[in-house]
Amino acid sequence: MKKIVTRSLSLLAVLLSAAAVAEPQLYETGPSEESSFVRFVNATDTEVTIATAKGKEKVLGTKPDARVTRFFKIKSGAKLSATIQGSGAHVAVDVVGKPWEFITVAVLPSGAKQIKTSLLRETPSEFSGTRASLALLNLDAKCSSANLSIVEKNATASYEVKPLAMQRHLTGSDKQPGAINCSGSATAVDLSGLESGSRYSLFLLGVNNARQAFVINDDKK
Amino acid sequence: MSLLLAGLTVLVIGDSHMATRDYLITTLHDGLMQQGAKVYSYGACGTLSGDWMKTTKAECGTAFRLDNGPLRERRAEVAIMKPLPDLLAAHHPDLIVVVNGDTMASYKAATLPKPWIRDQVRTLTDGIKASGARCIWVGPAWGNEGGKNGKNFPRVKEMSEFLADNVSPCIYIDSLKMSKPGEWGTLPDDGQHFGKDGYQAWGSAITSQIISSDILKKIKP
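Sequence order for the protein chains is A and B. Here the first sequence is numbered in this note's numbering, starting from 1 and rising by one per residue. Here the second sequence is numbered in this note's numbering, starting from 1 and rising by one per residue.
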């Protein structure tokens, strides 16, 4: 009995000591809802127009900076429906994202005059404030394996990406030239603008039987 | 008194751990002052990192302390927080200390919302970078498992590791190394906020880390 009383008093003393500090009101931690992120990339040789139920139509051109939208935040699990209009053809696409998933909707040529879409999904786990993050997205159906090596002092980031797929690695932000290899054919890429802490996508496209590669900052607003 | 800290102006900003008397706004502020620094402390309960770049209302109160002046607390109804640019213009700090982590850890969610946290952190670190001030980021402490916030050891460890990789250019101070899990007692049904002894231990440990930090050697003329 004496032990029980002693323990109770000790517990009371701990509680009183803790309660001697004024209590703040508690609050939920983290975001109010889980999100996903969607962007569109034009991998055709003509302009395409993206229309969604909400927001203005977006026209994606054929110059590198004009080919890719920024990532748009949508509620995780909710459906985003879009209609994509190319030259003389259109296609509808529905996108539903998992929590914190990044989805790239690639608009691709289909035969001579049609267009089609392909979704490339990524739920990134690695983030760094001191290294650059670079994804390689192979949107050239004729490149069976897009290979890229970025050599650093102590490590090499190696990419081997099948058509309509992507890989991402952390890498240094050293200014250096690079090349994507597809079956012995090299396409030069400019990696000189990578900054530590930022995230990028390197797109490989096959347009009019010619390959082109360009880098986009994924953080652009 | 620290020869490295003496004469420097330090701005401390943080979440609920900095927004109540006898919390870090008392113990860390006192600790830094005792080392000879001029200290300005601002706490805003429930705030996310990115909130510091705008004028917003703190969910559960604010507090501030200007050097050796008295602590002022504001209830939630009138708790408008001053954004970092205003604080920089008012105090011209040599060093900014950020105390933030718990509010973004999503303790009850299945996964850590890394993209969202990164966005919050970058919003603040970009502001700090632009100011030219040096920066130290103090991560979350262990606390205790359970409570209304659902705090748990695996998630706080994951959160701390994520912050360590992503708060550049700030130097990260890992609070988890300052105690064992559950060592510092927390308020009843809370898990996150400590009693007086806990905040005393945490404030002293942070002060010790700061005065031993390499960053002080860089910013001291």
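Hints listed in this document are in silico derivations from the structure and should not be mistaken for laboratory results. Don't be surprised by glycine CBs; every beta carbon is placed ideally from N, CA and C. Where hints are given, some of them may not hold.
[As the list claims (entries may be wrong)] For lysine to aspartate or glutamate, the following DMTMM-like pairs were computed, each having C-alpha atoms within a straight-line distance of at most 25 angstroms:
id, chain 1, residue 1, chain 2, residue 2
1, B, Lys157, A, Asp94
2, A, Lys98, A, Glu195
3, B, Lys108, A, Asp65
4, B, Lys54, A, Glu33
5, A, Lys75, B, Glu59
6, B, Lys114, A, Asp190
7, B, Lys54, A, Asp219
8, A, Lys73, B, Asp174
9, A, Lys54, A, Glu28
10, A, Lys221, B, Asp119
[Claimed, not checked] Not everything, but these chain B residues come out facing chain A in the computed CB check (under 10 angstroms):
id, residue
11, Phe153
12, Lys157
13, Leu176
[As the list claims (entries may be wrong)] One-sided and incomplete, this derived list gives chain B residues near chain A with beta-carbon spacing under 8 angstroms:
id, residue
14, Leu66
15, Asp67
16, Pro70
17, Arg74
18, Thr111
What are the numbers of the hints that this structure violates, sorted from low to high? 1, 2, 3, 6, 8, 9, 11, 12, 13, 14, 15, 16, 17
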